[in-house]
Amino acid sequence: MKRPARIWAILVVAGFAAAAGAQTATDGRRSGFADMSPALQAIQRDDMSNPAMLWVAEGEAQWNARAGNAGKSCADCHGAGESMRGVAVRYPAFDAKARTVVDLDGRIDRCRNEHQRASSPAPESRPRLAIAAYVAFQSRGMAIAPPTGGSLDAAAIAGEALYRQRLGQLNLSCAQCHDERAGGSLAGVAIPQAHPTGYPLYRSEWQGLGSLQRRIRNCMTGVRAEPYPFGAPELVELEVFLMRRAAGMAWETPAVRP
Amino acid sequence: MNATRRTTLAGIAALAVAPFGAHATPETMRAAIAAVASGRPMREGKVTLDIQPLVDNGNTVPMRVEIDSRMEGADRVRAIHVFNERNPQPHVLSVAFGPQAGRASLSTRIKLGDTQKVVAVAEMEDGTLWTAGVDVIVTIAACIEGIE
Amino acid sequence: MPASAADYVVTGDAIERPLEGAIGDAARGRAIVANRTLGLCLLCHSGPIPEERFQGNLAPPLDGAGSRWSEGQLRLRLVDPARLAPDSPMPAYYRTDGLSRVAPAFAGKPILTAAQIEDVVAYLATLREPGAAR
Amino acid sequence: MAIPLVNAPARVRRGEVFEVKTLVAHPMETGFRPGMNGTLIPRDIVQRLRCRFAGADVIDVALSPAVAANPYVAFHVRAERSGTLELTWTGDNGFSASHSVAIAVE
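Chains A, B, C and D are the protein sequences, given in the same order.
Take the first sequence: its letters are residues 0 to 257, numbered as in numbering that gives the first Met the number 0.
Take the second sequence: its letters are residues 0 to 147, numbered as in numbering that gives the first Met the number 0.
Take the third sequence: its letters are residues 0 to 133, numbered as in numbering that gives the first Met the number 0.
Take the fourth sequence: its letters are residues 0 to 105, numbered as in numbering that gives the first Met the number 0.
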């Protein structure tokens, strides 16, 4: 079992300082990390106890494994996983070839289809989350730095409109809870500001890892709305808006949340 | 592991199997603890059971149990058993310590379905039993998603 | 299921007549208010229901609601609060139109039935002394 | 593919007590949760974690469904002579995972 040993060897050197990067910004924006119990914060701070690292380790194995009809690994083209440092904090991004805005998971999947000539694992499946977690983990501690440009700006505007749109039988918008009532108590639980600083993340409620799209879909289910399907443009637009809203905040992947 | 320890763990594993649909109660927890004690008296002390008093999600509750012991002679800890009173089953886990154990301590994460008491019982090499209990308040997720 | 404005008459800031002529029961209403997946009230409000440990603070306490509002005023505030406060996050408990992307399981259904709303109105009307029993 | 993560020091001083932290990927399905069709999802848990060092027992843990998903277990080992730390997880539906790490005692 060389992989886990290697993963943790890297962490010991680079991990702890970066993991502590989940601090509160001075402008009042707060990562969900700040609203968690000290016990859950401790799990995120210690890579040796963070269950999300199980996915990161699997992602590292995938990075180096040849796959698909092309028989290529991620490493064959990109080199070491560390070459992905800084990527996650710049997604969603405009994919010039596909002429569309894609999130990180979508970009990895495109790479898998086009370069490895491998089929797509199901959304939220273990292999899909593992490679996304491994790539996103490389950016831990960096500041979120969303790119700009015509298509992305349009997506951000559409995403903000969706964020403010009242939805579902309960007729609530994202903004009504996460902007106007963040910090308040929803049945005894603090409402977070909904900054997407640590995805994919380990959510206790899920007892596993999940994507930002899954989290948004949960909220939609919560207000009794029909969630957008995984990969829907609306979800990517919301991701673009949320990342701009969190610009400058520290990247935490793989985060832990209640 | 020696015969005593094996018997202890097997006995507890059998206790852990509750009838279909059953639910632990303070009474079933007491019964499970009584099965471990088998008539021996239990004393408060020696046991540190560390669980946060207010839990944000009952699916991942960090727990540390440690016994004040030099792990030598009669003072050695043979096993620790942890129980709850409101999950579907009263048994949480049991740990038997072998000769290479450096401390009588274990850290893990447990599930707590509701606000309830968690109890740890330690069996010493000399047969004495020590115990500690902690009351834990578990908040309930307001937005519960369906199973996907 | 009737759940449109045509089924009730708004007078000022109230609906004076019980929905569908139902007769509310305060004990049933209390159970609906306390139920986290039926009435949902305590997710946002607090109320004099001490056995429900975790209550919200996003909206005014329910304590004393019966002193502040008449039954007719309480009824409209449940049925369609947006008529009084368009930006309020309080859902309309008896409305099925004008909503977006309602999940199929809930489409065409109000959050509470007419009878349930009357039960909740009956319960809220009993909450007369602010802060009592907390 | 269950890859356990085990954190233990490669080198320790004789007589030292060191901590071992372990994680293994597992759903720890309790057997008490209803699935989408209303019937209970069958139990699928890790039942036992055993650790030996230099051929002797360290801990033997019996787990019930109340242990959280992706079980984390940390404990302490006494180092008297160099040896291999061997960890074995076994559970329902033939689940098994293992990991070993050599530890030099100086």
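Check before you lean on any hint, since a few could be wrong.
Which residues of chain A face chain D? A partial, calculated answer using Cβ under 10 Å [to be verified]:
| id | residue |
| --- | --- |
| 1 | 46 |
| 2 | 53 |
| 3 | 54 |
| 4 | 76 |
| 5 | 85 |
| 6 | 109 |
| 7 | 123 |
| 8 | 151 |
| 9 | 172 |
| 10 | 174 |
| 11 | 201 |
| 12 | 206 |
| 13 | 209 |
| 14 | 217 |
Cross-link-like lysine-lysine pairs, in silico, DSS-like; alpha carbons within 30 Å at most [as the list claims (entries may be wrong)]:
| id | chain 1 | residue 1 | chain 2 | residue 2 |
| --- | --- | --- | --- | --- |
| 15 | D | 20 | B | 45 |
| 16 | A | 71 | A | 96 |
| 17 | D | 20 | B | 116 |
No wet-lab data here; the hints were simulated from the structure.
Just so you know, even glycine gets a beta-carbon here, dropped at the ideal spot from N, CA and C.
Cross-check of the supplied hints:
no.	hint	result
1	46	holds (9 Å)
2	53	holds (5 Å)
3	54	holds (8 Å)
4	76	violated (23 Å)
5	85	violated (25 Å)
6	109	violated (24 Å)
7	123	violated (14 Å)
8	151	violated (36 Å)
9	172	violated (28 Å)
10	174	violated (31 Å)
11	201	holds (8 Å)
12	206	holds (4 Å)
13	209	violated (13 Å)
14	217	violated (16 Å)
15	20(D) - 45(B)	holds (24 Å)
16	71(A) - 96(A)	holds (21 Å)
17	20(D) - 116(B)	holds (26 Å)
In this structure, the earlier hints numbered 4, 5, 6, 7, 8, 9, 10, 13 and 14 are contradicted, and the remaining ones agree with it.
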